[in-house]
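Fit chain B to the given chain A structure using the hints.
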Amino acid sequence: MLVNRKLILAHFWFAFAVFGLALCLGAWQMFVRSPLYTWISNPEWYYRSLTAHGTVMGYVFPTLVAMGFGYAITESALQQRLVGVRWAWAGFWLIVIGAIMAMVPVALGRASVLYTFYPPLIGSPFYYIGVVLVVVGSWIWVALMSVNLRVWRRAHPGEPVPLAMFANVAGSYLWAWTAVGAALELLLQIIPVALGLKTTIDAGLARVFFSWTLHAIVYFWLIPSYIAYYVIVPRAIGGRLYSDTMARLAFILFLVVAMPIGIHHTFADPEVGAGFKFIHSAFTALVAVPTLLTVFTICASVEIAARLRGGRGALGWIRALPWQNPIMLAVAFSFVMLGFGGAGGLINMSYQLDTTIHNTQWITGHFHLIFGGAIVIMYFAIAYDLWPHLTGRALPNLALVRTQLWLWFIGMIVTTFPWHWVGILGMPRRMAYYDYSNPAIAPEALSVSLSAVGALILLASGLLFLFILIRSHAQGATEAGAYRFSMPVHPVRSVPLALNSFAIWVALMIGLTVTNYGYPILTLATRHDTSVPAVYVGAH
Amino acid sequence: MTVQDDSHAAAVAERTEKRWATISVIVIVALVLLATFAGLHQATMPQGRVETIDPTRLHLAGEFVESNLGTATEPDGSVTVRAIGQQYSFTPACILVPAQTPIMLRATSADVIHGILIQGTNVNTMLVPGYVSEQFMRFEKTGEHLMPCQEFCSFGHEGMWGKVKVIDKAEFAARAKNGGRLSCVGE
Numbered sequence: 045m046l047v048n049r050k051l052i053l054a055h056f057w058f059a060f061a062v063f064g065l066a067l068c069l070g071a072w073q074m075f076v077r078s079p080l081y082t083w084i085s086n087p088e089w090y091y092r093s094l095t096a097h098g099t100v101m102g103y104v105f106p107t108l109v110a111m112g113f114g115y116a117i118t119e120s121a122l123q124q125r126l127v128g129v130r131w132a133w134a135g136f137w138l139i140v141i142g143a144i145m146a147m148v149p150v151a152l153g154r155a156s157v158l159y160t161f162y163p164p165l166i167g168s169p170f171y172y173i174g175v176v177l178v179v180v181g182s183w184i185w186v187a188l189m190s191v192n193l194r195v196w197r198r199a200h201p202g203e204p205v206p207l208a209m210f211a212n213v214a215g216s217y218l219w220a221w222t223a224v225g226a227a228l229e230l231l232l233q234i235i236p237v238a239l240g241l242k243t244t245i246d247a248g249l250a251r252v253f254f255s256w257t258l259h260a261i262v263y264f265w266l267i268p269s270y271i272a273y274y275v276i277v278p279r280a281i282g283g284r285l286y287s288d289t290m291a292r293l294a295f296i297l298f299l300v301v302a303m304p305i306g307i308h309h310t311f312a313d314p315e316v317g318a319g320f321k322f323i324h325s326a327f328t329a330l331v332a333v334p335t336l337l338t339v340f341t342i343c344a345s346v347e348i349a350a351r352l353r354g355g356r357g358a359l360g361w362i363r364a365l366p367w368q369n370p371i372m373l374a375v376a377f378s379f380v381m382l383g384f385g386g387a388g389g390l391i392n393m394s395y396q397l398d399t400t401i402h403n404t405q406w407i408t409g410h411f412h413l414i415f416g417g418a419i420v421i422m423y424f425a426i427a428y429d430l431w432p433h434l435t436g437r438a439l440p441n442l443a444l445v446r447t448q449l450w451l452w453f454i455g456m457i458v459t460t461f462p463w464h465w466v467g468i469l470g471m472p473r474r475m476a477y478y479d480y481s482n483p484a485i486a487p488e489a490l491s492v493s494l495s496a497v498g499a500l501i502l503l504a505s506g507l508l509f510l511f512i513l514i515r516s517h518a519q520g521a522t523e524a525g526a527y528r529f530s531m532p533v534h535p536v537r538s539v540p541l542a543l544n545s546f547a548i549w550v551a552l553m554i555g556l557t558v559t560n561y562g563y564p565i566l567t568l569a570t571r572h573d574t575s576v577p578a579v580y581v582g583a584h
Numbered sequence: 004m005t006v007q008d009d010s011h012a013a014a015v016a017e018r019t020e021k022r023w024a025t026i027s028v029i030v031i032v033a034l035v036l037l038a039t040f041a042g043l044h045q046a047t048m049p050q051g052r053v054e055t056i057d058p059t060r061l062h063l064a065g066e067f068v069e070s071n072l073g074t075a076t077e078p079d080g081s082v083t084v085r086a087i088g089q090q091y092s093f094t095p096a097c098i099l100v101p102a103q104t105p106i107m108l109r110a111t112s113a114d115v116i117h118g119i120l121i122q123g124t125n126v127n128t129m130l131v132p133g134y135v136s137e138q139f140m141r142f143e144k145t146g147e148h149l150m151p152c153q154e155f156c157s158f159g160h161e162g163m164w165g166k167v168k169v170i171d172k173a174e175f176a177a178r179a180k181n182g183g184r185l186s187c188v189g190e
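As they're listed, the protein sequences go chains A and B.
First residue of the first sequence? That's 45 in the numbering used here, and the numbers climb one at a time after it.
First residue of the second sequence? That's 4 in the numbering used here, and the numbers climb one at a time after it.
It is worth saying that the hints were derived from the structure and are not from the lab.
For each residue, glycine too, the CB sits at the ideal point set by N, CA and C.
One or more of the hints may lead you astray.
Claimed, not checked - Cβ-to-Cβ under 8 Å is the rule here; a few derived chain A residues that face chain B: (1) 162; (2) 248; (3) 251; (4) 318; (5) 336; (6) 402; (7) 477; (8) 579; (9) 581.
Stated by the list, open to error - Some chain B residues well away from chain A (every beta-carbon gap over 10 Å; in silico): (10) 70; (11) 170; (12) 182; (13) 187; (14) 189.
Okay, chain A solo, but in the shape it has when bound:
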């Protein structure tokens, strides 16, 4: 029952449009910093582009996908019209206005501070205020998810919340809380300085605040993809979900443990002591658990589909899978990239190994593989799966869809594997230019060139994705039917209260944040000797 299709389409289209622009910037960056580009380069333009790429890909694109998908889930899983449609449009327009407000100063070169802000570097206040508007717009969505669930509960007392909605609301709560870290940094620290009300800032405290957001934001990006694993994949390939309970447990674990682990981003920092770094390292290990559970449940669900199609043998069933189905292809690619990316993540998580690759190209390779690869390929799958229901028109050509997914997978591997490699060689990140004539850097030239080729493959795939979506609007009308989600093997009749509500888990999330972040933040915030002069960037 998708009623507010225009709202959902608006979210997806704005998301994919800015994704297309940011993808072009990314490919250009890969090219100009590689040995393939031999003309004079201007680092100033590179950092404008890098700031825009990060801001769009980190804050705007995934947020809009999560929101659009969230509205689609609300209407189709709860079988009720979205409550608060006007608010939803208000949230959408706040994001549009915020994104434009942030991008104008970036394009003018007045906010080249990267999406991670890096105070004491300070750019135009419009950049930060734009980002805040984006976050505020998304918080409206969080509130709406909660309100819609409440409305449904009142009409269905005691019934299990449909898994898709349960996971969706968990993701929205995670986002609401994890965005608070960056919001505090922006509102209390950066914006007063950017507006000229203050001239000094505690850079260490800012880094701790940002780490609060920086890790769990990745799980916010990831949750739509995980929802797709659980509620789209088994249905799309003709199988059943192996376990509804385990799925709920996985999302609850994400909600609780994705948050209090962000200090692992400051392993190499002087403003946090060793004790809290160790605690966060151990908690980071925990967050691998829901992913391991997911891998099991989804593989088992896929096996069910294969066996229903006549697959036999310990591994022979893999051949019986519907490989022509784009969703099957997407989930397989996603899992391969998640496997490599996750293994890399375990390396980053342990302090001893992290020192070798901290802030090298390894890290860039790592999060592009996880986010750009494993997560974004599922965004494509979500769009392909939903599109006929939103437009009332079929996708133009499945072979084209498969080609697009193959190109994205190949492109991501070709881009990120050499990236990891040069990281191990010690190549630092965020550099506009490398002197490949230096004998110590020359061996990295081939790898960087390969990465640039991978980026061009990704660009081709991304443009093909947009082409397919645009073309589908011109297809003949089709009746896509109701938008459904996968059914578990064993029907869910009742669910324990703990797996059907959020109060206790949200309390735990906040409690763990207070124990894991309270002391480091308080000690830094109460010191008076740590504020340093702001360094303004760009033409003023």
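Chain B alone, transformed into the frame defined by chain A:
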């Protein structure tokens, strides 16, 4: 999939699932124990305490005045390197150290966030203005390493590369005989 007894099938499914969950938890616990052991046994832990410093007064007095930057030999034979990062260079730009000697690196930033990474080693630390970073190092072999700034520090970041030169222990001792702070700038 012929399921005669649904409740039996559900029990089997649950048992398999539990087994997998147990294995997952064991793997994660083992990894944490491994990291803890390596941290304690090989003393590869992050710097223990937080130390602050006023970046606007680095050049006026204290540990990081210009004349004190570089490599110093301590009375107990150990070696301390003091360095600062600023947009867009390190001081000293070339750090001279002896091989096979425990060395303490103490560094900070004079303006924005920078980072020190010594290629071919696992020496890697952030420089955050207002705070002092400390890291132990030991170089087994003589030779040269590039030392790029590993954190975005504005438009000149890509040009911020320093160097570390590791020389023979005896040669270093000879050069350090007259005291003072050593570096390989201009060599």
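Do the hints match the structure? See the list:
1. Taken as an interface hint, residue 162 (chain A) checks out: its beta carbon lies about 6 Å from the nearest beta carbon of chain B, inside 8 Å.
2. A least Cβ separation of about 5 Å between residue 248 (chain A) and chain B falls short of the 8 Å threshold, and the interface hint therefore holds.
3. Evaluation of the residue 251 (chain A) hint against chain B yields a held restraint, the C-beta minimum of about 7 Å falling below 8 Å.
4. A least Cβ separation of about 5 Å between residue 318 (chain A) and chain B falls short of the 8 Å threshold, and the interface hint therefore holds.
5. The criterion of a C-beta within 8 Å of any C-beta in chain B is met by residue 336 (chain A), whose closest approach is roughly 4 Å, and the hint holds.
6. Of the supplied interface hints, the one on residue 402 (chain A) holds, with its beta-carbon coming within about 5 Å of a beta-carbon of chain B, less than 8 Å.
7. Given hint, residue 477 (chain A) at the interface with chain B, holds; its Cβ is 4 Å from that chain's nearest Cβ, closer than 8 Å.
8. Because the smallest distance between the Cβ of residue 579 (chain A) and any Cβ of chain B comes to about 5 Å, under 8 Å, the interface hint for this residue holds.
9. Restraint check, residue 581 (chain A) versus chain B: the minimum CB separation of about 6 Å is within 8 Å; hint holds.
10. At roughly 23 Å from the closest C-beta of chain A, the C-beta of residue 70 (chain B) stays outside 10 Å, upholding its exclusion from the interface.
11. The non-interface label for residue 170 (chain B) is consistent with chain A: the shortest C-beta to C-beta separation is roughly 17 Å, beyond 10 Å.
12. In this structure residue 182 (chain B) is separated from chain A by more than 10 Å, as the shortest Cβ-Cβ distance comes to about 28 Å.
13. No Cβ of chain A approaches the Cβ of residue 187 (chain B) within 10 Å, the least distance being about 15 Å, so the stated non-interface status holds.
14. Separation of residue 189 (chain B) from chain A is adequate, the least Cβ-Cβ distance of about 18 Å exceeding the 10 Å criterion.
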